[in-house]
Amino acid sequence: MITAAQMRAARALAGIDQKTLAERAGVSLPTIQRMEASDGVVRGVVDTLTKVIQALDEAGVELIGENQTSERGGRGVRLKPAVPRDPKAEPA
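Here numbering that gives the first Met the number 0 is used: the first residue of the sequence shown is 0, the next is one more, and so on.
There's no promise every hint is true.
As the list claims (entries may be wrong) - Here are the computed distance ranges between Cβ atoms for each label pair:
#1 85 - 57: 37 to 45 Å
#2 82 - 43: 15 to 23 Å
#3 84 - 53: 22 to 30 Å
#4 45 - 84: 15 to 23 Å
#5 49 - 11: 17 to 25 Å
#6 87 - 14: 37 to 45 Å
#7 4 - 49: 27 to 35 Å
Since the hints were made in silico from the structure, they are not lab data.
Glycine included, each C-beta is placed from N, C-alpha and C at the ideal position.
All chains, full assembly: derive it from the sequences and hints.
Below, the structure is given as structure tokens:
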């Protein structure tokens, strides 16, 4: 599964905009916009999700799922687990 934040980050790492991703995946621009605007895990037609993930892979981005390791090694990014803020702490 891919999250909306992961999809946006992957596109940014590839240096492509939403329109380019849509063209490479063979889906509509509104589909990419809807997927990236969703909350949490992207939902949609499996075929569409597969096309988008394939397009990102071909752009050189490896999507790493939760608790998975990178297959290829090298540099990358991963979100840290959210740390609850102390409500008594000073604002940053």
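Q. Which hints, by number, does the structure contradict?
A. Violated hints (numbers, rising): 2, 3, 4, 7; every other hint is consistent with the structure.
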